[in-house]
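Undergrad: Spelled out, the chains give:
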Amino acid sequence: MTALSPAPPVPADEPPQGLPLVLDGVTYRYGRTRSATAPAGLGPLSLAVGAGEFLCVVGPSGSGKSTLLSLLAGFLRPQMGTILLGDTPVTGPDPRLTLVQQEAALFPWRTVAGNISFGLEQRRTPRAEREERVADALRLVGLEGYGGRRVHELSGGQRQRVSLARALALRPRLLLLDEPFSALDDRTRTVLAGELLSIWAARRVTVVFVTHHLEEALALGQRVIALRGGEVALDAPARELNVARLRETLE
Amino acid sequence: MSVPAPRTDPVPVSPRAPRWRVLSWQLLGLLLLLGVWHLVTAVLKLYPPYVFPSPAQVWTEISYGLWGTGPQDGKLLSAIVGSLRRVLTGYAIAVALGVLVGLLMGAWRPLRATLGAYLTGIQSVPSIAFVPFAILFFGLNERAVLFVVILEGFIPVALAVSGALLNVPPALRVAGRTLGARGLSLTTGVLLPAALPNVLTGLRTAWSFAWRALVGGELLISGVASIGEQLEVGRATANVALVLASILIIGLIGGVFDAGLRALEGRVRRDYGLEVTP
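Listed in order, the protein sequences are those of chains L and B.
Just so you know, we're using our numbering here: the first sequence kicks off at 1 and counts up by one.
Just so you know, we're using our numbering here: the second sequence kicks off at 1 and counts up by one.
Worth flagging that the hints you see were computed from the coordinates, not collected in a lab.
One should not assume that every hint holds.
[As the list claims (entries may be wrong)] Which chain B residues stay away from chain L? Per the calculated CB distances, all over 12 Å, these:
1. T60
2. G70
3. P126
4. L192
5. L196
6. V224
7. A236
8. I249
9. A263
[What the hints assert, rightly or not] Now the stretches of chain B that chain L is said to cover, found in silico as 3 or more residues with beta-carbon under 8 Å:
10. 162 to 173
11. 178 to 187
All values derive from a computational prediction rather than experimental measurement.
No residue lacks a Cβ here, since even glycine has one placed at the ideal position from N, Cα and C.
If we strip away everything but chain B, and leave its shape as in the complex, we get (with noise of 0.2 Å):
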């Protein structure tokens, strides 16, 4: 039996521009968006430095927070090391409870009509507004920043895992069911490596809203180290260099989090051939 030549189709030319060009425009933006900063309040004095301070103060707070040695430094970095801890546990409850719940609203389309839509609803409620209610139900404690954070990582989850369920293509299921694959192996060997890109998708959104989930709980539950306490503390004794350092290092965080989902997701994608290799 002979193979044919293989075929060269056409690779459609990726649209994007090299890496490094768009990491090279990416440094560019940041060092204009650095310029205008440093030039607004160190050149031109339009802010006192206790309103909005200079690059370099904030960078100064950032410094003694990290890596400081005196008796009220490296606060920042223990703020930090408890914030990641208190997300990445939260998260990986919500994750698994997300892959579950989406599991049985996949199988079971009653449960998906009730439940699918109450989390649909219950998404559209802002995270800090359950922060009250946690509070009056745990405590004053950090149980109470954890409901809020699998709260909020778990619906996404849920509903992607659900919704990509229903989207698996009918041929991969038959395809499934003939070569002997039924009930739950049909569902692990099939349906959810088959429902995986989507899924992934789910699970950066579900980052980002445990992540702002956090940082809100933080804000209202003082004591524990956290990066939220930073913020809170920078408010009460007016240290705007340490609110902005805070704000800074919880979008640098989420977004070296979602970067790195993202990166997974786009292998995953590639490997399934729903993407052109750049």
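So here's chain L without its partners, still in its complex pose (with noise of 0.2 Å):
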């Protein structure tokens, strides 16, 4: 990973986001319309994610990674089993909570600004505060000045970026990443880890970050688990573990 830049200032009046995050046997199973692809299910799983805490999740296809994330952000409910986030359960979208996808799955008929302003509009923030957090946002992710552009007109990693700057203008309490930098290549996907690193260091907000890239979860997360079959096969701090290690769980 290369060297990281440093961190931007985090406002005075910004106490630290993250909220601590607890599964408790939670549980899911597909229909039976299951086939040789459909996923596995996940569960029973129980962990603890602390406040501002950086976790990593790696597993082999099926492992139950998608599972997880949509149970988090509560587009799938537990069939068993609490998710609490902070004092209170996850049961559905929850707005304390976003999730940035593999595909930027930026809106093209809106530009930059208007991209990142939407969910400021869903949650009717007042004009003035959602122009100060979208250019706040786009501070963040080192867009200054592209907030007019259309959405087409931006490189990959630069979409990646509008997708991260959109999910934090909501300042989550969570932020859910499934594989974020998988589609960009490997320069870009190193740059915007750093970056990702320096903003999670500013906000401390809690991330769980899933990945199949192992060197990626270790090099960014504080705490790695390995899923296998929906289950916690590894759950150890990142500097304890080597790629090895975790390949050597997963097989």
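Two chains, two frames, a set of hints: combine them into the complex.
TA: Structural data, given as structure tokens:
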């Protein structure tokens, strides 16, 4: 990983944003329409992520990574068990958390600023604050002056930055990332990963980062869990792990 | 934080010829066509003028109809105004209705499976086949024409809207939901805008269907100022020049509107990054 640029200053009035996340016996099984390619489901899974912790989740296809994210994002509801974010359970799409997807999934009918502003509009944030937060988010991802651009004018890396800014503008307490850099070339991927770390360091949001890229998981996460067959096969601080160990666990 | 130098992606070169060149080809083709027409009718005189009049005779008919000052003149102008008013009213209602029904079909699968299939079936019935029913139901009046126009215009819009909604990339839907949009705000804020390029294609189809349906209906309903009526008057008075003039005007108006909608569609597709700017 390249040297990280210095973290942007945290506004003085901003406390650490992350909330602790606790999964207790969370289970999800897919229905009878199961085929060889259908996801295997998840759990029972119990897991505690500290406030402001950066957790990476690795695992092969079908290991339950996507199911876990869908559950955390509130798109699926656990059939058993509970998910607690702070003191309250996650029971559906939740304003306290946002998800950054593998594809940037930007809205092409909106400008860059319009994309970032979308979530704030849904929350009826007053215009003045909206503009301020959009500018803030653009600065955070290094895209100042790009607000008026059309989405199709951006490179792949810039799009993913906008996608990140769109999530950060909502000041989430939990940030979910689903292989956000996997569609990018190696160089851009490294740069963006570094930027993500410095944003995390500045905002102290709780992060769950899903990837199948083991080196990336080790470089980014404070803690790494490996999923296999819907269960946690390994859970350890990143500094105690290496790629060989992870690979061995996942085989 | 640094921004990498803007990537210089190779922009695919548009295979399209410059606009002026295309335009000059089209103009040349038109002149050639007029030349052949003139040759056949005015020079070689292969047909008597009351069977196949020359371009000049048709032009005379058009100019009398549009800006002549005699007692029988100017009828073409009021016919055009009447037809346009009728088709625009019908088209507006058809689009509003089509978007509404399309949204419902996009949101509720059983409705799409039933109504969607029926509408596809109805669409294959030529609009003129509905005119006798419309006349019996509404009487020999404008409402019968409007009914046919709305019916023909609404179906492609409804089908396009529901189809386009189903084709919205799942990632956009997920993005909208994770950013806090749900229900109606997800539909109006994400799904409909995402569907817009395909909806516009439907609007263009709807226009051409509505315009054809209008002329067909007007042919059978006399007594209201309309282009269809002019066709019928031309036939009844054996005025072939008037018939040809009406056909030309129908084609011209239809083409102008189609070009306008096509330009709008192209602009939206470029803004969405679906097409490389020529």
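Undergrad: Now look at each hint and say whether the structure bears it out.
TA: So, going through the hints one by one against the coordinates:
1. T60: 50 Å, holds
2. G70: 53 Å, holds
3. P126: At roughly 36 Å from the nearest Cβ of chain L, P126(B) sits farther out than 12 Å, so the non-interface label holds.
4. L192: The assertion about L192(B) is violated, with a minimum of 10 Å to chain L.
5. L196: 7 Å, violated
6. V224: Correct as stated: the minimum Cβ-Cβ distance to chain L is 41 Å, above 12 Å.
7. A236: 51 Å, holds
8. I249: 36 Å, holds
9. A263: 18 Å, holds
10. 162 to 173: holds (count 3)
11. 178 to 187: holds (count 6)
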